[in-house]
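Protein chains in written order, with the numbering used here: chain P, 1 to 224; chain R, 1 to 224; chain X, 1 to 224; chain L, 1 to 224; chain D, 1 to 224; chain Y, 1 to 224.
Calculated from the structure, these hints are not laboratory results. Backbone N, C-alpha and C fix where the C-beta goes; we use that ideal spot for every residue, glycine too. Please note that the accuracy of each hint is not assured.
Under the rule of at most 30 Å between Cα atoms (straight-line distance), these lysine-lysine pairs were calculated in the DSSO-like manner [said to hold, decoys possible]:
(1) 129/D to 62/D
(2) 183/R to 216/X
(3) 188/P to 117/P
(4) 129/Y to 129/P
(5) 117/X to 62/D
(6) 183/X to 216/R
(7) 20/Y to 117/Y
(8) 117/L to 62/X
(9) 117/X to 216/R
(10) 188/D to 216/L
(11) 183/R to 117/L
(12) 216/P to 129/Y
(13) 188/R to 117/R
(14) 129/P to 216/R
(15) 216/Y to 129/D
Pulled from the structure, derived: some chain L residues nowhere near chain Y, Cβ distances all over 10 Å [said to hold, decoys possible]:
(16) 10
(17) 39
(18) 42
(19) 134
(20) 138
(21) 186
(22) 188
There are 6 protein chains.
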Amino acid sequence: MRILIINPNSDPKMTEAIRKSAVGFAGERFEVVCEPTPGAPRFIETYEDDVAAAPGMLQLVKDFEQEVDAIVVACHGDPNIDAIKETTTKPVVGIGEASMKIATMLGHGFSVVTTAKRSIPPKEVQARKYHLQNLLVSVRAPDSDASDCENEQLFLDLARLAVEQDLAEVIVLGCAGLTGMDKLIQEKLGVPTLDGVVCALIIAEGLVRYGVSTSKVLGFNPEW
Amino acid sequence: MRILIINPNSDPKMTEAIRKSAVGFAGERFEVVCEPTPGAPRFIETYEDDVAAAPGMLQLVKDFEQEVDAIVVACHGDPNIDAIKETTTKPVVGIGEASMKIATMLGHGFSVVTTAKRSIPPKEVQARKYHLQNLLVSVRAPDSDASDCENEQLFLDLARLAVEQDLAEVIVLGCAGLTGMDKLIQEKLGVPTLDGVVCALIIAEGLVRYGVSTSKVLGFNPEW
Amino acid sequence: MRILIINPNSDPKMTEAIRKSAVGFAGERFEVVCEPTPGAPRFIETYEDDVAAAPGMLQLVKDFEQEVDAIVVACHGDPNIDAIKETTTKPVVGIGEASMKIATMLGHGFSVVTTAKRSIPPKEVQARKYHLQNLLVSVRAPDSDASDCENEQLFLDLARLAVEQDLAEVIVLGCAGLTGMDKLIQEKLGVPTLDGVVCALIIAEGLVRYGVSTSKVLGFNPEW
Amino acid sequence: MRILIINPNSDPKMTEAIRKSAVGFAGERFEVVCEPTPGAPRFIETYEDDVAAAPGMLQLVKDFEQEVDAIVVACHGDPNIDAIKETTTKPVVGIGEASMKIATMLGHGFSVVTTAKRSIPPKEVQARKYHLQNLLVSVRAPDSDASDCENEQLFLDLARLAVEQDLAEVIVLGCAGLTGMDKLIQEKLGVPTLDGVVCALIIAEGLVRYGVSTSKVLGFNPEW
Amino acid sequence: MRILIINPNSDPKMTEAIRKSAVGFAGERFEVVCEPTPGAPRFIETYEDDVAAAPGMLQLVKDFEQEVDAIVVACHGDPNIDAIKETTTKPVVGIGEASMKIATMLGHGFSVVTTAKRSIPPKEVQARKYHLQNLLVSVRAPDSDASDCENEQLFLDLARLAVEQDLAEVIVLGCAGLTGMDKLIQEKLGVPTLDGVVCALIIAEGLVRYGVSTSKVLGFNPEW
Amino acid sequence: MRILIINPNSDPKMTEAIRKSAVGFAGERFEVVCEPTPGAPRFIETYEDDVAAAPGMLQLVKDFEQEVDAIVVACHGDPNIDAIKETTTKPVVGIGEASMKIATMLGHGFSVVTTAKRSIPPKEVQARKYHLQNLLVSVRAPDSDASDCENEQLFLDLARLAVEQDLAEVIVLGCAGLTGMDKLIQEKLGVPTLDGVVCALIIAEGLVRYGVSTSKVLGFNPEW
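So that you can see chain P by itself, here it is in the shape it has in the complex:
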């Protein structure tokens, strides 16, 4: 089995971090192809970034879909995921949807820890898209932008506030750039902490083995 992971941005460092997490989970069971998106911004922060990443993401799908069994979109906002589900017959999983839905199976409420305060309203919109607003107890972000994701203590402190003040029972890392911080938070706080990359691979691997994919009977069928 081979799974394509699309990093919707073009940052080689983040691509490498995602690949590392993915390979760690994949082990010997499947192969991972992890690609940055050609022509995409260095970091996906804005709605325009989502849109700017689309052509490159769709190009990656076309380039790789014959040789892979499933596709993971590795940006927590799940940009352009409906278009990708529509254009390919292979299973497609977004790290935002996968991580937030798995979170709901592990605790009563979850909190998303993310990198910038400006992402809080869009993250709440995304949670409502997935009908999770009653279970998302908070979105926690630093006061000033921390998109470099390097300050582990900062995100650990945000997760602690989510648990202690918002009664979060599960922490979801709200940015692919935070990949790898899950185990640190889980160990320090004793709270299940979810990296979306791993969560999406769980679903993607399972869908491939099961032999099911996006429905083509109506709304995701481009030929209908």
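Once you have looked at the hints, place chains R, X, L, D and Y on chain P.
Same frame as chain P, now just chains R, X, L, D and Y:
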């Protein structure tokens, strides 16, 4: 006052029909610039069409924003509207959002009449995005695709079913290509019928006169 | 075009303030008739005030409907608006509904700033009536009643708290008596701020020009 | 104990029917005072009827509140009930709210059987006001107005359709004029059937015995 | 009339307290049979406690149903109530559901005061089961477990915070063990305060007098 | 890796069918222990069946938890799952929750095909518990009970109706007894069809590999 209407597809005929409706509403009060989207598909039907229209739409915004006072996106699915709201300081209004929200001020429940059965699930997703699911009594579409929008009787019959069977009190035309059919349905059925192009212009004209636009204090501010 | 603005209370000073805001927006495009409600309380604060204003409001509709093109109800709680929509064939717009729905087109979340803490629960009920509870991030009111609406600094401070602490992206003035304070808040805080009187006029003017009004096919038809 | 039942309309026949049902339930435990509303319409069907009944209803409250222990509003639309809760310190119960909330304790879903098709949208609005939209499986009404409530077979047939087609597990009589038809439907169809008059008396009697009433700490306190 | 009150735990002291509250409300109107649950835990705090109480609770139903007219489940989490509704033809009322639904008739928002912080998420789940999440303004619990319910001042302070900070208009006692504290809080804070035992008896007594019970037409019929 | 699958009923034939599906999915990757529940009813159809299965289910957890890595509850109603999540530190997955949540990642709306009409209301309650009511387009069940699950054509026909009339894009098998029918329906109708047993194993296997389990920081911690 001058308002840019972006037709997210590249069809000259539909662009002309939209322009005609818009000019009819604008009268002497404001000028309309109605542009098809360069590089966009001939008709916006799929999620991939939405994405494919984005670069051209954003280019139109950049080309015209200095010389217009507001921007209307004239596809009922409101494609790429968050990105456009984010990139410009001018007011931006989508015909889907405007028509469905105005519908809720005119009756208890509304129905969207659209051109293809495959659009029903995405239209319901869109209504939920705007928190209108309790007020959207139905989406009515022909069994086979009617994207050319030429068969007036077909859409009139769908609207009649919406009123009689679904208890719709307002009809919303769910495709910019149906522009101009509002008055026919309204007269034949005696039910208020909304063309999104006009609805969006109502809001856009008003916002310009009022001097308010998209908030830049947080989630729509690309520089935050 | 001529639009009747019903001030549901009987206060001449507030009627004058509303008229001033309305005339400022109307310019040369339409004429405004702004009337206090005969027999109504001096200020609409309670549910009983709503009810006490009804006979006078309906009388105003009867007296003026032949000579006006639309009717605006200028109290943010939208009192008796369903009855008015039902009794006249002219378009009817409430300043509460218009301002809160327009707010949702300008930002992710909005806050209502109002005059008395006791109004917070009813305002939340009203937002739920319009299905806006997920978008109303807070209702901000002073600890002690400030129905005279004279302390601009007080309301400016409430709006600032809404932006900074509640992440409001849009401010809605929750009382017709606050009319005129929109521009002050908008300038000081850089956040779009909506006066319901103007918002309702935007919709009302548009509906008149468009030639649509309240649906009479079912629930708002008194003869059905 | 003495409970005032306000019939919001002025029809002596319906007042008598309500009184009869109420006395049947009250037995020796409490006394019932059942009053038609002076100045109200003969039948409450429209939003304007609601408003027209208000002054007489509030007058009845003032006239009787010293000599009664609780107040029931006996129109299924619960007209003006917030104003009444606010103006008196005695418990106030509406037959619509009481019957629909008790219905949710007796089955998974309930249907409201009412007298006119035009009432369907307002009834759905009312159910949403009480957050019951997921439990209200249908509102069933005859095609032509049957406000005289005399055709028992008609309403029995509607209830049967609700059970068989809509999977209603409980029937709620959606009009005070249907009072007394509960036992007929319950016996013929074997489905619990609720007359709002009795339901409201259950709550009202209980609140009086318990010694609790409408909260005056905030939103229902006219002096706040 | 005779009503069986099942205390789902096996604590004789709490059983006695519940009986005392119940008898105080029942007066001469009906007889109360209040039973602890054989084989149940001493206190119902966890999901496993719910499950462990089930066999004994169902046994009590079988032992007593011939000689009683209704059954009340006296644990605020309403454990196993659907199974009990299903197995008996007698009316069944849970103290959680009854108290929270009656609370919504007395004020705009209510707060549940309970004994342990760990109960907050399950209590919110329960409120959502009853579609009350928009009306539940908070769940207040002490930082450390207070299941013995002996510290009246502690719960009084929690209720005060609910009123002052969360704008609760009604207080619901979230544990049968708090029975009897309702009048203290109501007097000290002037806020209606509901003991679920009394609330459930209000409904149960009423249903018996009315002659309605759980629907057996579909989902609660074990023979269907 | 070894996963315990608890069949909450005591039917050896259904246990065998579940085991067969599970082993087919597990392949060489993990071992499956599939156990019927001692003391449980032959088939889980009612709320009382849920409760009757609890002691045996919890006993199985105690007997096996040391030697397995995760636990799957193989009844589509997810009976007693919160108690099991609470009592063990191993990951616990219900086939109902897993299948319905995975369904939402494969299409816009899904339909549950189940064995008895009486299960429709409880299934809708379950979907609301998981906040999926907007995505569950229908529950389809035969008019007369078909709990033996032997009539493949019957369930195929129900699935076809769900796709054609309800616009379901995904089919979820609403009973563990239907295990194995997924591929038949998927091939005949071309619609992704989900067997909950496989779906739960996807999640369970993934959680084990990832090293996360039910949160013990608050509501699922029996010692809190």
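Hint-by-hint comparison with the structure:
1. For the suggested pair residue 129/D and residue 62/D, the alpha carbons sit about 27 Å apart, so the restraint of at most 30 Å is met.
2. Among the hinted pairs, residue 183/R with residue 216/X is consistent with the structure: their alpha-carbon atoms are about 16 Å apart, no more than 30 Å.
3. The hinted pair formed by residue 188/P and residue 117/P meets the criterion: a straight-line CA distance of about 24 Å does not exceed 30 Å.
4. Between residue 129/Y and residue 129/P the CA atoms are separated by roughly 17 Å; this keeps the pair inside 30 Å, and the hint holds.
5. Using a Cα cut-off of 30 Å, the hinted pair residue 117/X and residue 62/D is violated, with the two alpha carbons roughly 52 Å apart.
6. With a CA separation close to 16 Å, the supplied pair residue 183/X and residue 216/R stays within the 30 Å bound.
7. Restraint check: the Cα-Cα separation between residue 20/Y and residue 117/Y comes to about 27 Å, which is no more than 30 Å; the hinted pair holds.
8. Restraint check for residue 117/L and residue 62/X: satisfied, since their Cα atoms lie roughly 27 Å apart, inside the 30 Å limit.
9. Taken as a hint, the residue 117/X and residue 216/R pair is honoured in the structure, with Cα atoms around 28 Å apart against an allowance of 30 Å.
10. For the hint linking residue 188/D to residue 216/L, the alpha-carbon distance of about 14 Å falls within 30 Å, and the restraint holds.
11. At most 30 Å may separate the alpha-carbon atoms for a hinted pair to count; residue 183/R and residue 117/L meet this at roughly 26 Å.
12. Restraint check: the Cα-Cα separation between residue 216/P and residue 129/Y comes to about 28 Å, which is no more than 30 Å; the hinted pair holds.
13. About 24 Å separates the Cα atoms of residue 188/R and residue 117/R, which keeps this hinted pair within 30 Å; it holds.
14. A hinted pair counts as satisfied when its Cα atoms are at most 30 Å apart, and residue 129/P with residue 216/R qualifies at roughly 23 Å.
15. For the hint linking residue 216/Y to residue 129/D, the alpha-carbon distance of about 23 Å falls within 30 Å, and the restraint holds.
16. At roughly 41 Å, the least C-beta separation between residue 10/L and chain Y is larger than 10 Å, which holds for a residue marked as non-interface.
17. Every beta carbon of chain Y lies more than 10 Å from that of residue 39/L, the smallest distance being close to 44 Å; the non-interface claim holds.
18. Every C-beta of chain Y lies more than 10 Å from that of residue 42/L, the closest at about 39 Å, which supports listing it as non-interface.
19. Residue placement check: residue 134/L does not keep its beta carbon more than 10 Å from all beta carbons of chain Y (closest about 6 Å).
20. Every beta carbon of chain Y lies more than 10 Å from that of residue 138/L, the smallest distance being close to 14 Å; the non-interface claim holds.
21. Distance to chain Y confirms residue 186/L as a non-interface residue, since its nearest Cβ pair spans about 19 Å, more than 10 Å.
22. Residue placement check: residue 188/L keeps its beta carbon more than 10 Å from all beta carbons of chain Y (closest about 21 Å).
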